[in-house]
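Visitor: So the chains spell out like this:
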Amino acid sequence: MDLAFYNVDNGYAEAICRGLRASFLRPEKYEALKASSSLADFKTVLEETDYGSLFISENPTLPVSVIRQKLKKKLADEFTYLAGQTVQPLYRFLQLMQSRYMIDNVVNIIEGIKNKVDIDILIANTDPLGYFPEIKSLRLLEADDYSSLYSSVLIDTPVGPYFMKFLEDVLEALNENITIHDIQSLFKDIKPEFIRTSLKKMWLEDFYTFCENELDDNSKQVMLDLLKFEADCKTIQVIYNSIGNKELSSAASRSSTRKHLCPSLGHLYPDCERELTNVTSLEGLREAVKYFSQYRDMLRDVPDPQRRDEFNVDAKSLDDIMYEEESKMYSLAFDLQNQSGIFYAYLKLKEQEIRNIVWLAEMVSRKLPKTSKAWSKIIIPFARY
Amino acid sequence: SEMCIIVSFFFSSRRRHTRCSGVSWARDVYKRQVSTQSTWGKLSVIKMSLLRSQPMKYYKLVLPRESAWTIMNKLGEISCLQLVDMNEGESTFQRKYANYIKRCEELEVRFKQVEQELKKFKVPINQPEPEDLPEFLHNLRSFLQTRGSSHQNFLEEVESESTERWNKINEQVRGYDDAIRQHNEWLEYKHVLGKTRGLFDALSKEHVQVSNVAEPASADLPIDYVAAGGPRVCFLAGTIPKEDSLRFKRMIFRVTRGNTWTTLYDIEQPAINPDQDEDEYLEDTILDPASRKPVFKCVFLIVYRGGSYDVLKGRLIKICESFNAKQFPVPENEDDYKEKDRHIEGQLVSRRELLRETRTTIDYMLDYYSRSRFPRDRMSYIEELRLFVAKEKEIYHHLNLLRSYETYLEGFCWAPIEEESRITDCLFEIGNEHPTIASGKFVVEDSQVENLDPPSSIKTNEFSWPFQEIVNTYGFPRYGEVNPGLFTIITFPFLFGVMFGDIGHGGILFLFAIWLCLKADDIKAGKGALVPFLSVRYLLLLMGFFAFYCGFIYNDFMAIPWNLFGSCYIKKGGRELEREPDCTYPFGLDPRWHVAANELNFVNSFKMKLAIVLGVSHMLLGIFLKAVNSVHFSNMIDLFCEFVPQLTFMICTFGYMVAAIFIKWATDWSAVGLGNAPSIITTFIDMFFNGGRVTKPLWGDGSSQEVIQRTFLFLAVISVPWMLIPKPLILWMQHSGDGPVKLKKEKDDHDKRPLLAGGGHDSDEEGNGLSKIELQPSPTHEKQLSSDSSKSSKVKGHGHGHGHGEFDLGEVCVHSLIETIEFVLGSVSHTASYLRLWALSLAHAELSKVFFEKALADSIEEGSFIGVLIGFMMFANLTLGVLLSMDVMECFLHALRLHWIEFQSKFYKGTGHPFKPFSFVSSLADSLKKRL
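If you're matching them up, the sequences are chains A and B in order. Here my numbering is used: the first residue of the first sequence is 1, the next is one more, and so on. Here my numbering is used: the first residue of the second sequence is 1, the next is one more, and so on.
Isolated chain B (complex conformation) (with noise of 0.2 Å):
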């Protein structure tokens, strides 16, 4: 029947997973008992990095000073380690290469000036792009070496000649921005004579005859005019930002009482589109200095009438200097008009004359900067300046992690095992390149790391980038710990499918994630709306894999089953349909169930089922992934005290719950009768609460199944107590019998430490040229072994839920009384949940229906073209937005959440720090991410 190929592809995953777990959980065993003796064994442990994080060491780096920066140079190159800050009660300032460090800096503030400058020229930058980064690296390295030995000091060069041009193209901005304010200034004036003028012929027209008297010395001043006869006129003239316009004519009506006019007229400038360059408009614009924008103002003119006339021109003279008004002397006939018109012509002209002769020479200074100075780089000389300082910086950075001593640098760092020859490696050419100077060592100084609450480091590519990250969200995982991203590959998008199940959806988001993988470099280059998906094509290409899957195992195309091998059920006559005797349908569900009438309660049986078989299996994957961390840790307590007794727990109830499913599938009910088919829940109701008595056997008479129910509901509820009490008495007894734990595990870890470290460096000794350094552990780093020891065992203790400080029996009864409260009800409850599968796996199918039958199906039966029209696209609008938008974000979520919360509760714990390797492609994007 269709059931068997669910079997089988239920098996397949079901298998694929525990094959996983199982194998690596032995080999991890084995892994133990070898990786001490040989070195085959050690190739074992690098290969095995895809269940956990990568095996680490604890190393020990001596630099000699002379050679420091060489060395960290080629570090950050190769970018394998991670350096432990050695000084970390110091403040930044107080290190050894602080001083490098500031003058870094202050090359990055000087770049940055120099860079807003050359925005504000809109002289062209070659950005640079994080791909293009590893180049770069390259192209400095070898512009360095064709500096010979002097290459150190590029920095000092960088520095002396960054300062003098700086300050040159400093003097002719500020030269420019001079010409700029004159050029503004003529024009206002310019602008002030154009609008007063014809003012004044008015004036003139009306008779009140005026006349030029008492003239003050200096030309700043108004010029006032008297009325022959009358009351005294006087006028004032200038401009003012149009923003304070309103502002300044209040304020003038209330210092002189209302007895002035003021009049403003606006300043009209041409409309400027932002990107064309100020020379184009810079002749009839007025322009401020800093931003280069054009700044509206006013021209404005003052009507007094001079009786009190110092008083009041005293007073506005005071007003326009505090709102930075500017005034201008105004002739008083048209001859002088006439003049100074000439006059500001002139003085406009050589101020332009002055601006673009300016401008070319700091166009030709930015150029330098602007093109690019490295042999075969692409980008502008000071993004290539800005990288390398950024790199300068790092490099002392990191120098600054590490203790100084009289003549050589001391560190320690964490690195991956397998990295470690290439360390060695890179330490061996330098010896050999710089033959004058003293190379680094580089050796094991712990390799019993486990204490020392190591970083973890995992690596991904970018088919494995997304799922990674779905784990990382929840937590980044504990050193040695299981990372539970290697089976949320597979578990996840399958899940998924099972949810969004649909042959034309699935197909749809399939399609989409193939052509994503074929054009991603093509969609890169684009830079268009599609570039974000790029990241999680591979998540979405199975996503839409299981989907299109799941959809052939449901049988349902956007609510139309197809009827690919012909059904089993042939018509009876009237509207009964018959089973043919033998007949399976091949693959997925039989078409005729989409329009049998008890449709629902079929499909919706099957689903149900299929749901908690799935969810049992991951939750059991879940479990045994939990003993193959307690045996990685060689933590026999929680193997024992909670992995069996919950395998147990977990097994007897629904494990056994998913055998009964299966049996029910597999048996021919027909034969027994229909009415004597045992429904799952009864059964199991009266497993629970009757004591394991049979009313409807699932096989045979039910003797068998009812000795087999007692049995299981007996150790179900061994188990529960068994979780429960084990664990807190015999943490109990470990403690009182040896007193306090604190101090016999560190003894421990003093007592092995040191053997250990010699096994390990031992081992090395083979491997490296570098054996003759003697360990001889410095007090400082003792100090800090234990102190991170300590840490990273009250990381370990909160993470397993007992402290191995001092011991609270009260506290470690409430912890694993919680902890069996959660598994106990968590195994009922988080059953339930996955039950989600099946809601959602409907909710999509029902929308679907709704969709084609409202929209499409009606029309259709209608007959009507344009009706077929509409229909479809509100189908197709739909379908888009809603199932295949939204619901592919809720299925998302769903399988996000049974991840997190059903399979990782079971054995993840993720209280671990990401591998962050010094290196200088990072930083340097780092850097450049930060700039934006």
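For reference, chain A alone in the conformation it holds in the complex (with noise of 0.2 Å):
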């Protein structure tokens, strides 16, 4: 029923959606992209595609952060006219997407003002997807007091709850007799990239909750899949990365500190979680993983970690493999007709092509030799599955 229901509400936002896959760049593009000699003409082949006038009245020479920084501010003006037109509880759920930017522009931020940037420049440089009229006032942050940069700035904005519990859970390792002092020192330690993976922990934890409730039986479908294997992808990196990493694998942070920052969903919990706590070796995270095939080709392939001095600058790195893995699961999801997964594919995958432009276009500004191997690490939306 929810099938034949879905158009009621939804139709039109689809439709939109729908009709945006032909803004996405076709190989012949990126081939032509690869081709230009330099930025100018990197500009003039971009003209020809869907972000035509986006560059028009620019400089020629432009840097790629301003590149960056406009193709960011067209997917978000685009997405800010789909979400105009989606009700309830389609409009949540776009929502929610978005939460996730506007954690990265506040860690983003916090960090800055913890290496003394000067704000303005941080307050530009965010990701346009994740804006809120507050971010502004994030300057009122004073010497790593996050309760009361909560409790004036944050306590309203969609990242709100996630940092209220994030802070409940910090707070709650004190004891009682705590000082103001003792708090103080705990900010002040407190990593914001921590902060960051504590936050969007919380947020794919909460999106999961909220698309297993109150989306539809297809989009749930969609969606749920698509986030467990998300979870999974970062259960896996967070493993990974904390392979050879000393603070990171001894027994006693193994069990706490990688428990704090796995997503609890995904295909691997917790079925895998006590094979994955124990894990110290490359050879024990695929052991770990083995009954998912997926998972296990992508693993297969990737360096050691604990030989980082030996990694090959040209050879895929998980990252890359797990881009291009979810690139091609997003493709798929884009596809499937009267679902919401639609708009999320949209903004991942439209993340991706940014990543590739992105990239070219730092490829062509330093005139790297055509035949160096980083040209291919794109990942083209839509271009297999």
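Derived from the structure by calculation, the hints contain no laboratory data. Take the hints with a grain of salt, since some may be wrong.
Stated by the list, open to error - Capping the alpha-carbon separation at 20 Å, the derived lysine-lysine pairs in PhoX-like fashion look like this:
hint	chain 1	residue 1	chain 2	residue 2
1	B	Lys112	B	Lys122
2	B	Lys326	B	Lys190
3	A	Lys34	A	Lys367
4	A	Lys370	A	Lys34
5	B	Lys318	A	Lys114
6	A	Lys116	B	Lys318
Both chains come to you apart, so use the hints to assemble them.
Guide: Okay, structure coming up:
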């Protein structure tokens, strides 16, 4: 029944999104981008695509960062428009998707403030997808006082609930009779990366719950599958990166930190949780996920993290492999009809496309020889599946 | 009888079709015989562009580099050739003239910026209309001619001039924006002072001793007050955009944990009419410098206790910064207020003065772009420039289609044969005008163009355009294919009329269309709601006419019959009517039928038979057109294995049915005895299921009818396998006999081409002066030809249902099977489908009857004036809304369907692509459309 009535509320937005499929760059365009000899040429090629008029009034030698910002702005505008055409619960669904980028923005700014970067530069460099008006007020952060940052700025924003939970978790670890000084020193020690991972984990779990409870059956099916895969990827990534890291691979932190960082959902949770917490080598990781052929295949060719010094630049990293697998999954999800996964897939694939363009722009501006393997390090959405 | 009229009327339309098809078909054969030999034959070819697309030739165009621009410029003006892209593999920026195009695009961006400024400062722009374009091109030409030999570098001049002017304008505009910003700031300050003034009075009355302490050195910071002996009370005042104000208030509350008191006051702004010039409201409005729209702001006043003095203040200032709120120092006493007021007033006056001056300068500068510069032109200079640049871009774009060599450019193009002399004349003219530069060469490359998939050029005028559009929506005619648009001109409105037939309704439609035709120019100038109807006015005219005409045949004026000639039925006594002997109602249906009890039986039978007769003849026309096509493409297999059996099948089944209908109509059954009249349906069921046995004969004793029916049945049955089997067999034999047909075909092409091309070339030599060019097809062109021919053969193969590539007997058989089934079943279902002619006309008649009787007739019988008035209102509205709007559309759609499916499926492939000549007028019109 959901299939039959999906269009009543969401048909228009879905149709718009489906129409936007034509805006994805085709492999020929990527070839043309690769062939361009300077950023000015690069710009000319982009002008023939859907990005068309974006750069028309720009100086021909615009820096890569401006390109990235403009591409993202365009995606954000499209997404905002799309969200304007939706009703609940789809609207909330799209908002939740944006929360992820908001988290990134917030953590980036916190990190910047810690490193004494000028706040205006930080704000100018935020991802337009995760923009919210309160972001400018983040400058109120003083002396790592996250709880007052929460109570004065973030409380009303979509990031707020996650941040509150994060603070609760952090403070819970302290014992009863604490002084204000303890809290301050605790806050000082928190690394922004840690905030990011924790917030994202919470976001992913929240998003998962939302998809499970609020979406119609078809969308649920598609979305849960995608999110499970994403969660598994995150888990594998965390474990993979912790291998060889002295601090994180001790027996104690294995159980606590890993547990804290790995999302508590996905195909690997909770079945493989025990095996995963005990992993200390790449072999062990492979062994732990051996029942999932997809993950097994993904891990087959990755370089061993314990021999980081021998990494070959041209070899595919775990990230590349995961992007590739994800791109395949999203492309499939995009083409399914009458389900909301298309919006998520659209956002993700467009992100991948922007990543590709920025990567190629970087290559072009550095004038890398065309024989370099780095040129082929792009993953073209819809190219193969 | 009235039937005779209908018969002649039917035959008249029927004959019109067959005359066209028959004669054109014959002429076609004739054309093929003569066209290669004599110029006289060529003339007849040229005249034949109604039935088919214009004959095309494939030409080679060689342009010397130095005169390429001049020649292209000329070719774009005469607009009769379509260039083929020779550099398909190359992206646009790799091409020869890419940097010119880029320059043009940069200019376009520049002009767009200028236009935005023009709009921002409300300087009037005279927009061009598509109709002005030919005149504009003429003006541009004469303008460039006055510049003498330097007319080619007008682009450079435009570039440097526009850059210079734009920089100046930009500077002034920035100055203006700055002035607005400053003005805003002072204005906001003024409002802040106005709002806070009263408040301080109130505070001081409450004896909270306020005194100034530790005045900060910089005047930007807020002035703090300390109550003597009590807690220090501090103030922070400023402005903030209205939409942020609530968030601002909330955040201040949170950050200071409620230890502040924040008040917001809206700044009132006068209501503004968007058309108003900003000069008029500038004085007391806060404007956004970018959009020149008023910004709504609030004055905020934060009162806080200065306990933890610096912390709180620092935080508040930080919040203000994060909200882009402006803070203003507040004076401490009345005297300071007065002084500040004076100061602000003075500043405001000087800013306004500055604004006014800058505005005058800008207006003067922009006025340059607002006026016309070209002689005799009326559009603004900016528009003239934009069109000029668009035209330049088009020229370079087309030059980019050519392949470039050392000193010349070479390309290929399509052009209708009849335009050939115009092109050569044009080149010749350029040679005369500019004797110093070499002129281009334009030679026939290939006159045997069928294999190259040429574009089809179909000329239309205002009259035939809507009909051709009806066909094009289904599919664009292939090159050389019979264009159904020609027949649609009559058949479409006619079938519509059969469904919509009513003297009243048809007459209204007819009159409306006549009015549209007469007043076309006025309506166009007025730009009213009727403009969209103008393009289809001739379609409406014919539709209205045929509906009107058919209304007379049905003798139906909005459900009332007209007794024009005196009915043939007279009262016999009682309720019975009797027909006067030897009396025939001269035209249309006898009005007495409308009151007869068996009216529906009679009218239905008549209309149904009429629908069958019209349908079968319409489909037969389609089948004949198939023959015309196959003869034109010299496809004898299609002619004998598809057309002949299809025609046989159609004539022997439904053709015979039509004949039977006429025989039955023409016989006076009262002489034979009414009970002996055969039912057409029963006759046919007998014919097919009882082997042609006749129970109730249509004529004579039935023995001759039995023979005829058996023969027809036999022929119809034979024609089915005839359609099915020979075609795949012949194809298979051809292929297995000669090896892969693809090779053979290509060999044929290669043998034939030089010969035929040479032939075409010979005949051209007489016509034009450019005869000294040897025909040496370049290897690249050769490659393209073969790729083209393989492409076209694919298209053709697809169209005809058998691939020329690898021969697959199974596939061909299946295809043949499908086509046969489709035709045999189709002829039954299509014939049935034509019954919609009856169904819709019945629906129309019954609807109008119901509306008339229920709305009007009842109240007339009652005799009350008010009843009639209300009834008439209802009747008029229903007639207009249901019959004249919805029913017109419904009948239109059904007529459309009959043409697309029942008629065109018999012969029409519609796989062609249109001829798009290189023309400034059309490309500039496109660029105008794109801007909207």
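Visitor: So which hints don't hold here, by number, going up?
Guide: none
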